[in-house]
Amino acid sequence: DAKTTQPTSMDCAEGRAANLPCNHSTISGNEYVYWYRQIHSQGPQYIIHGLKNNETNEMASLIITEDRKSSTLILPHATLRDTAVYYCIVRESGNNRKLIWGLGTSLAVNP
Amino acid sequence: DAGVIQSPRHEVTEMGQEVTLRCKPISGHDYLFWYRQTMMRGLELLIYFNNNVPIDDSGMPEDRFSAKMPNASFSTLKIQPSEPRDSAVYFCASSRLAGITYNEQFFGPGTRLTVL
Chain U
1 DAKTTQPTSM DCAEGRAANL PCNHSTISGN EYVYWYRQIH SQGPQYIIHG LKNNETNEMA
61 SLIITEDRKS STLILPHATL RDTAVYYCIV RESGNNRKLI WGLGTSLAVN P
Chain D
1001 DAGVIQSPRH EVTEMGQEVT LRCKPISGHD YLFWYRQTMM RGLELLIYFN NNVPIDDSGM
1061 PEDRFSAKMP NASFSTLKIQ PSEPRDSAVY FCASSRLAGI TYNEQFFGPG TRLTVL
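As you go down the protein sequences, you meet chains U and D in turn.
Using the working numbering, the first residue of the first sequence is number 1, and each one after it goes up by one.
Using the working numbering, the first residue of the second sequence is number 1001, and each one after it goes up by one.
One or more of the hints may lead you astray.
What the hints assert, rightly or not - Derived DSS-like pairs: lysine-lysine, alpha-carbon spacing no greater than 27 Å straight-line:
1) U:K98 <-> D:K1024
2) U:K52 <-> U:K3
3) D:K1078 <-> D:K1024
4) D:K1068 <-> D:K1024
5) U:K98 <-> U:K3
6) U:K3 <-> U:K69
7) U:K69 <-> U:K52
8) U:K98 <-> D:K1078
9) D:K1024 <-> U:K3
The set of hints was computed from the structure by calculation and includes no laboratory data.
Produce the entire structure from the sequences given, and follow the hints as far as they go.
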């Protein structure tokens, strides 16, 4: 079973920031948080990951709470092309490469 | 690089027939994953390989499913005999080992399987 909880759907206006929450209250100390997205009819695409510090890359920012029980993915200036299903995933560190996927958040960016 | 290549992109078959899905991972990647995606169950990991060796096949639904990786550039997922409930999109993904932190998985475009 997925170790994360996300809202089923969200809306965002084009050009505004999209903030996608994720709860992972049972996360353990060595588990990373990963975000992927899946645009309709395509394979999932990696966005970002983190352990305890906030992370930023060219696609998004990841804010992880101090207790690590929740996180927020931020798309700073959402575009219509960001309309997708966003998955928050917790995976064990080390050699385990297995990801357990939930149903994600369907983000609709509106003009 | 062309990315992960899957074939066929669409497959329609009748119940009881054998189905073979194919995947070519990104050159140099050590890991290969097979996933199945349905509306009801979302994305499920079926099996993954490391250096052509199956590591975890706990997600393979039953004996009708089998996967092989004869070399570093090719893998197959076979369903025999196929059933209507196998209808889904099957994704192949690959990644490479580069230290202890996670390495992103690169997904192929998927194969949409319909079993009538």
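Fill in: Hinted pair K98 (chain U) and K3 (chain U), Cα distance within 27 Å
holds, 13 Å
Discussion item. Hinted pair, alpha-carbon criterion (27 Å max): K1078 (chain D), K1024 (chain D). Please report holds or violated.
Written reply: Holds - the C-alpha atoms of K1024 (chain D) and K1078 (chain D) are around 15 Å apart, at most 27 Å.
Practice prompt. Assess, step by step, whether the Cα of K98 (chain U) is no farther than 27 Å from the Cα of K1078 (chain D), and give holds or violated.
Written response: Roughly 21 Å separates the two Cα atoms, so the pair holds.
Discussion item. Check whether the Cα positions of K98 (chain U) and K1024 (chain D) lie no farther apart than 27 Å.
Written reply: holds, 20 Å
Practice prompt. For the pair supplied as a hint, K3 (chain U) and K69 (chain U), confirm whether the alpha-carbon distance does not exceed 27 Å.
Written response: The hint holds at about 11 Å.
Worksheet item: Would the pair K52 (chain U) and K3 (chain U) pass a check requiring their Cα atoms to be no farther apart than 27 Å?
Response: holds, 17 Å
Worksheet entry | Agreement of K1068 (chain D) and K1024 (chain D) with the hint, judged by alpha carbon distance not exceeding 27 Å | holds, 12 Å
Worksheet item: Under the criterion that the straight-line Cα-Cα distance not exceed 27 Å, is the pair K1024 (chain D), K3 (chain U) satisfied?
Response: Distance ~30 Å between K1024 (chain D) and K3 (chain U) Cα, so the pair is violated.
Worksheet item: Would the pair K69 (chain U) and K52 (chain U) pass a check requiring their Cα atoms to be no farther apart than 27 Å?
Response: Given pair K69 (chain U), K52 (chain U) holds - Cα atoms ~10 Å apart, limit 27 Å.
Of the numbered hints given earlier, the model fails hint 9 alone.
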